[in-house]
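Chemist: What follows is each chain in one-letter form.
Number of protein chains: 2
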Amino acid sequence: MRDVHVIGAGMTRFAKSTKSLKELAGEAVVDALQDADVTTDEIQAAYVGNAVAGLVTGQEMIRGQVLLRPVGIGGIPIFNLENACASAASALHLGWQSVATGIYDVVLCLGAEKLTHPEDKNRGMAAIGTAVDVELAAEMADEMAEQMSGGTESSQRSLFMDLYAGWTKDYMQRSGATRENFAQVVVKNQHNGARNPRAQYGAELTVEEVLAAREVVWPLTLYMCSPISDGAAAVVLAAGKAAKRANGRVPRIRASVVVSGNVHDQSDPTAGSSARAARTAYETAGIGPDDIDVAEVHDATAPAELMIYEQIGFAEPGGGGELIASGKTSLGGTQPVNPSGGLLCKGHPIGATGIAQICEATWQLRGDAGDRQVDGARVALTQNGGGWLEGDSAAMAVHILTAS
Amino acid sequence: MRDVHVIGAGMTRFAKSTKSLKELAGEAVVDALQDADVTTDEIQAAYVGNAVAGLVTGQEMIRGQVLLRPVGIGGIPIFNLENACASAASALHLGWQSVATGIYDVVLCLGAEKLTHPEDKNRGMAAIGTAVDVELAAEMADEMAEQMSGGTESSQRSLFMDLYAGWTKDYMQRSGATRENFAQVVVKNQHNGARNPRAQYGAELTVEEVLAAREVVWPLTLYMCSPISDGAAAVVLAAGKAAKRANGRVPRIRASVVVSGNVHDQSDPTAGSSARAARTAYETAGIGPDDIDVAEVHDATAPAELMIYEQIGFAEPGGGGELIASGKTSLGGTQPVNPSGGLLCKGHPIGATGIAQICEATWQLRGDAGDRQVDGARVALTQNGGGWLEGDSAAMAVHILTAS
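Chains as they are written, first to last, in the numbering used here: chain A, 1 to 404; chain B, 1 to 404.
Calculated directly from the structure, the hints in this document are not laboratory data.
Glycine included, each C-beta is placed from N, C-alpha and C at the ideal position.
Each hint should be verified, as a subset may be incorrect.
[Said to hold, decoys possible] Pairs of lysine to any residue, SDA-like flavour, derived with a Cα cap of 25 Å:
#, chain 1, residue 1, chain 2, residue 2
1, A, 16, A, 122
2, A, 19, B, 134
3, B, 241, A, 103
4, A, 19, B, 19
5, B, 19, A, 139
6, A, 16, B, 135
[Said to hold, decoys possible] Covered by chain B, according to a simulated footprint, are these stretches of chain A (three or more residues, beta-carbon under 8 Å):
#, segment
7, 94-103
8, 217-226
Working from the sequences, and respecting the hints, build out all of it.
Modeler: Below you can see the structure in the form of structure tokens.
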């Protein structure tokens, strides 16, 4: 296996955008190619992650070809990957694999998503609801409706917020983590988002303000739920001679792991797909949780970030609340998490998120992260989960990168 | 690169089915695992092709996980691939790549599609129409409507039949191929389908009967258009020690090529994605067109088979009509094409077709093809195209297999 480097990264601002999916994808790709200083002709294959274009824009089947043609990329192998919110990380994994094994020297990995629809506000939300077994979900609909405790209409929130609320209540019971802890995650990620020009949201909030916000579904307030976002992110991967950049800063992918979920007991943070993927990644890279300088993780809700701390070994089981309260995962702490603002504040255009995390890791490891730079970041971890299937994420990806 | 073998193949009958996509996929997977004599625990990764489940069944995002869970496959990496009618071949290619490069020893590749919908007859047909740039198609809708010359309502046929009709008219002009030649393709493939228990259609027809059938859009009659089908096909790929079978018959993948289309002049059969993919496959395998004993090609319409003859080097440019008329591509001829019945008669559940072709190639090379066996078949070629984008297929796959 050859060393694979990220030689270029590009990303749109994440936002509720009036731009089309084509425009967003094109912007990210052009940025990544320019950053890598490669031309479209040098790209030997493309791996494209998208989750819901078929349901939101009507473009199914050949999404990558349609997105890449306007920027002049065609003829090469193009693979369209779908793994719910882990679509982009899955595309990245296959791109990494093709370069690591010597099939190609230079590939493009793109994640792009448009969740907003000009005429149908609920379309994106409804599409997100297909990241489960839709037959089972239909059977469970009555039961789930009864379980819903929030004061808002279900059409205004994703099915996933109800799922997360359930997991969160279980998590509070077994860990002692509190709603204040969840609010602390929001305060941190909003603070970080305010330092990220590509983030959808960012502000200086207090724990009290977060708790006082509209309740989506108890115990989650609006600030604790990742927003509906549009956006795209792209990276160029290369090995060997092609992995040179004018400035020499080409972070190296030390581990790329994708797994699918097993049925498991949610109360055991070491049993699920996230912990399993992280363990394999650490073993592959010969790197442990304590070695990670900066992490971008899948905080689709604020409490999820705390659970992930435990799953990736940043905290002992039940220690997520204590870790956020300690400030260690804040910018300026010993192990900052989600300096980009995370899904909560950078935004979560679902099929783009996995590669957006890699963009942030790349910029952090290159020292290019501006006001949100983690000082001396040399080792980064990203964790990106997708979908839900009877007790676990349907897809889970963990990547570890080093500065060179 | 290691030698990769097909150690098991399984396939449902293709048909308008009352079974669910889960049932169809499960049936094909269980068949393939039994044929390979491997257990679900031995499968290290799965690559799943599907094109329209999001639009037809509502299941987007995690299709493979949802299909594989009921047969007991989970935990492993599962990748959902989409490349229109070449979705399954794309999944196969990535599975092949992962075994050839030593990432895994045993993988599952599945293609599954359900185009019929119990309540909405037009849903599958409409979904197929997303295998183009849907924005461009919307812009072109008026123009295309004017071009339509058929006597049937557009809702009763796919956009692709109109596209194929246009290409066919051009092809007739430049090659001299006639509607009788197209009918000869149908007669051949119907004859073959009648010998394939998994084929949707099969009968002994005459050229006159084919020409007298209802016109879909001139010059295509109903028999010249591939049907709406449901079905699934799966193969188990392996290398090294894992590539042993009790009976020793494990066809080897000698070339696996996927490309995307470039804008090109349709009148030059050597310029498009199909010819390009075939040339690369022949070079990789060190095998030429004359060495192919049997081929399964993408006869989405009858005239397409003639154009493909030229693209894959079975005939000179313009020689497709002459080749079908010669009988060489019939069962019993020197170079049979589509012994399975092809897309026209075996059926075309679009996201399953690419792997169904590999199943047929496997059975032919093992001597397991029953009444449609090509005597002494040692070398097989499959060609599977998907989607359309400004002058060429959006995705194109060519595979070459040998008996061992």
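Chemist: It remains to establish, for every hint, whether it holds in the given structure.
Modeler: Going down the list of hints, with the structure as the test:
1. A:16 <-> A:122: holds, 14 Å
2. A:19 <-> B:134: holds, 16 Å
3. B:241 <-> A:103: holds, 23 Å
4. A:19 <-> B:19: Violated: residue 19 (chain A) and residue 19 (chain B) sit about 41 Å apart, past 25 Å.
5. B:19 <-> A:139: Holds - the C-alpha atoms of residue 139 (chain A) and residue 19 (chain B) are around 18 Å apart, at most 25 Å.
6. A:16 <-> B:135: Measuring from Cα to Cα gives roughly 20 Å; hence the hint holds.
7. 94-103: holds (count 6)
8. 217-226: This one is violated; 0 residues, fewer than the three required, reach chain B with a Cβ under 8 Å.
Consistency with the previously given hints fails for numbers 4, 8, ordered from lowest to highest.
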